Amino acid sequence: IGEPVPPQRVEIHKLRQGENLILGFSIGGGIDQDPSQNPFSEDKTDKGIYVTRVSEGGPAEIAGLQIGDKIMQVNGWDMTMVTHDQARKRLTKRSEEVVRLLVTRQSLQKAVQQSMLS
Amino acid sequence: MEDCDVHSAASILASVKEQEARFERLTRALEQERRHVALQLECAQQPVVGSSGMVGNGQPVPMAWQQLVLQEQSPGSQASLATMPEAPEVLEETVTVEEDPGTPTSHISIITSEDGTTRRTETKVTKTVKTVTTRTVRQVPLGPDGLPLLDGGSPLGPFADGPLDRHFLRGGGPAATLSRAYLSSRSGFPEGPEPRDGPNYGSLSRGLGGRPPHAGPLSMGLGDGCFTLPGRREAFPMGPEPGPTSGRSLPERFQAEPYGLEDDTRSLAADDEGAPDLEPEYGTVARRRPECGRGLRARAYEDTANDSGELMEERPPFPAATAPLAQPEQGSLGSLDRVVRRSPSVDSARKEPRWRDPELPEVLAMLRHPVDPVKANAAAYLQHLCFENEGIKRRVRQLRGLPLLVALLDHPRAEVRRRACGALRNLSYGRDTDNKAAIRDCGGVPALVRLLRAARDNEVRELVTGTLWNLSSYEPLKMVIIDHGLQTLTHEVIVPHSGWEREPNEDSKPRDAEWTTVFKNTSGCLRNVSSDGVEARRRLRECDGLVDALLHALQSAVGRKDTDNKSVENCVCIMRNLSYHVHKEVPGADRYQEAEPGPPGSAAGSQRRKRDDASCFGGKKAKEEWFHQGKKGGEMDQNFDTLDLPKRTGAAEGFELLYQPEVVRLYLSLLTESRNFNTLEAAAGALQNLSAGNWMVRNQWATYIRASVRKERGLPVLVELLQSETDKVVRAVAIALRNLSLDLRNKDLIGSYAMAELVRNLRNAQAPAHLGARLEEDTVVAILNTIHEIVSDSLDNARSLLQAQGVPTLVALVASSLSVREAKAASHVLQAVWSYKELRGALQRDGWTKARFQSASMAKGPKGALSPGCFDDSTLPLVDKNLDGEKSASRDVVPMDALGPDGYTTLERRERRALGSDSIGEASETELLKPDPGRKATPTGPSRPSVRLVDAVGDAKPQPVDSWV
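Here the protein sequences line up with chains B and L, keeping their order. Residue 95 in my numbering sits at position 95 of the first sequence; the count goes up by one each step and never skips. The number in my numbering is simply the position in the second sequence, starting from 1, with 118 added.
These aren't lab readings, by the way, just hints derived from the structure by calculation. Here the structure is a predicted model, which is why all the values come from computation and not from measurement. Be a bit skeptical, because a hint or two may be false.
Simulated pairs of lysine to aspartate or glutamate, EDC-like, Cα-Cα distance not exceeding 16 Å [said to hold, decoys possible]: (1) B/Lys93 <-> L/Glu621; (2) B/Lys89 <-> L/Asp1080; (3) L/Lys679 <-> L/Glu660; (4) L/Lys702 <-> L/Asp630; (5) L/Lys679 <-> L/Asp630; (6) L/Lys627 <-> B/Glu96; (7) B/Lys89 <-> L/Glu771; (8) B/Lys89 <-> L/Glu621.
Given these sequences and hints, build the entire structure.
Written as structure tokens, this is what we have:
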């Protein structure tokens, strides 16, 4: 499994939908989830939070978030050792209109790996 | 003010004269003393030299003294200090700064003594500090004088010299001048007959020599400084005078200034001469010396030491204008000095040949003196007297001093409260528990807690929490502290300092913990009380915010890679203790008694019920097997995580955090990062606690934890720690591995990867006097039990043992160990090995005979343990062995999950052992552990797949959750 890649920052401005503020993506993973079923992780024991879907034209996509991104932090909070629900709550705080994510991107990881191999 | 000015102007003159006159007398007296001492020195050079350890015999006397002095200037040269006899009649008063040798960083030293780890959860605590005190001098009838002149008059001020002298020393006498007199005498020194240089010391004599023990480096440096300042004498005396004018007479000052010294500095600097540019360094040094940590102090010493040499040349940097009064720092030094030298002058003035220190009863009486500063000084002096002096501590108790001090904790004056608390801190330190009990008996604990709640001053909070830490090491006080102080300690200290916020501000980063002294003391106190037993654990677990805060603090420590400090150690130890028996003690646990049969509705479970009942281990295995069988074709590759982890409805909080999967990673991080052995041991112990237990029925937490450790790649971390040089770490890790091997997959992994390390440890254990690295009996037994556990029911693991050359090691252990327990545990392992018929051929080819595997156990084995068939039990629930009367065999075998009724701490175990009662287990455990005679060993050796120490990918499980956000 490749060397860690420098994480990147993604800032998402939530979109108001009726009562809710939405980010426009979905997450999978968490320490209470079965990591082996995570299609995005290289390491099948990785229980991190991953971006599983990104809604088209939504705030997340606009901000550049991609499917398969692993979320390391949300507004400074560690997301690598949280339950699925904790992650969800952290992302959906009503009081926050802006969410700053720190993500590692697998595609990048792969690119790096490949460049190292070749 | 005007009055004061006039008055002081006149009195300055008068006092200068008076001082000069006194100085004359003093000089004469000193000269005499010097001769006297010089003579003594000549005679006694040997001993002195010897004591200092660094002075050559051949050196001239003065030289010797000088060196001695030098040595004393370095902090920590306790030995030399200690050896210096304290001359009771020393001329000077002493200012003492003592420190605890143990803790380099804090002035309040806490000596922590620990017991063993698994065995000791307790830290012993502390000690404390020292104080700078002024000694009071006897002679004086207490005059109720409160003249402003007096108070303010002494530039010296404040505390140390001030009040005490003023009130005590000099009854109605020329109060104002007294202190002045000291000063002048002191500054006059340089002009005295004695030249200032090395020899000076020698000639200075006894007085000086005697002082160091108390005054230590401080006074030495100061003294030096003083001597070097000839010509300043006139100026100096003036210094004090202005003091009075400054209107500093307000008694309130007391509160502000911790020590007299401090005051001096100020009065000289700011008030008198307006030398605002006091050298900051000096200012602080002087001022902080008494208060600050050892590090600081050390620096101060150095400064002083350096300065002393070049004082003359380098110091005078003060502007001319200020010059005379000048030496602000000199002032502070002066005050010290003054203190030091005060006696002589007073002496001579009063024609008393000697000062004497006040008797203890007098000091205690002063605690009731109507004048607050007197109380404060008396308490401070008491603190000083009690520093590591068991005899004085006892006498204070016998003279009923403790209730007086406790009463002062509620005094309206902050200074008095602080001093009283400081004295209590020293009084409460130590192994002698009578003082602790006495403090409790007069309501000391609630009073301390009240003070903590009220105090905003950090020093007071340190003192209070330090005192509570001291008290908490005494068993009968633990519950008292919990009753009165748990909430306050948690909410006033633990939570705020941990960085944990109940409602975190989402926009800011989580706060880090602050490793303050207050936090360290408080966590140490809670660490101690957390070992008190089931009720204590319950109270701590349920204390709102405590577990959350501790966990947050630890996570913060891991995040910052700052995991070696004492506070972290304390926090982990608390967590470890609270994890003990958590499955039985958390609310609702009673519904899940271990005796409960296997998972409901499981046919397989009922089939195996009999075996479940056989022993806790057997039971666990059976259940885990059940799980395996519930999966396809008995595949061993279970994935408990998905099976067991109940869905949470909300974030875990409070005690639930103790056994959430998060903590596994936390403990593993600590095990990876920390270099603090106690922390390592506690973290391993916490995993041990969580992974033990029969609480799989209850949500299978333990099962889950065992799997989590594997999945978090914790096994390699643990195995690596088997190489630790620290006995107790090895022991805790070995026990944790044993518990973890209840998970069959872990068992395979541990058998494959840990066996070599385990055997290596055994081999080291046998190496005679192996670089002093011999393992303790408990550790050896723990390792043997772990080996037994992983070898039992696993042919592959038994093979690993053979490959690791474990057999010769075990045989040697059986044959040569002086410990019955070791020999017995080793023979059990051998029996287990022999029970595999498949291995006998190989063993015999290696030249082993059955006798080796059997006779050993025959000789020393427990009854009934001979036949391989019932063998697996022998190592297991040791508790039941004890019940069977086999005490010698299994008594101390490590408790997997059943340490005994309540204790996880060593302390308790130790006590139990001492009482010979450690065999008593809780009823439920006993029952559970009862061996079932009909039980057969069921070797479930899974055919060994190629295993990785790190867990393999698990089976596909329930649909993954996916949430839109």
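A quick look at each hint next to the structure:
Under the criterion of a C-alpha separation no larger than 16 Å, the hint pairing B/Lys93 with L/Glu621 is consistent with the structure, at around 12 Å. Our distance criterion of 16 Å between C-alpha atoms is met by B/Lys89 and L/Asp1080, whose separation comes to about 13 Å. Distance restraint check for L/Lys679 and L/Glu660: the Cα-Cα separation of roughly 29 Å exceeds the 16 Å cut-off, and the hinted pair is therefore not satisfied. For the suggested pair L/Lys702 and L/Asp630, the alpha carbons sit about 33 Å apart, so the restraint of at most 16 Å is broken.
Taking the CA atoms of L/Lys679 and L/Asp630, the gap is near 12 Å; set against the 16 Å cutoff, the hint holds. About 14 Å separates the Cα atoms of L/Lys627 and B/Glu96, which keeps this hinted pair within 16 Å; it holds. About 15 Å separates the Cα atoms of B/Lys89 and L/Glu771, which keeps this hinted pair within 16 Å; it holds. A threshold of 16 Å between alpha carbons decides the hint, and for B/Lys89 with L/Glu621 the separation of about 13 Å falls inside it, so the pair holds.
Of the numbered hints given earlier, the model fails hints 3 and 4; all others are met.
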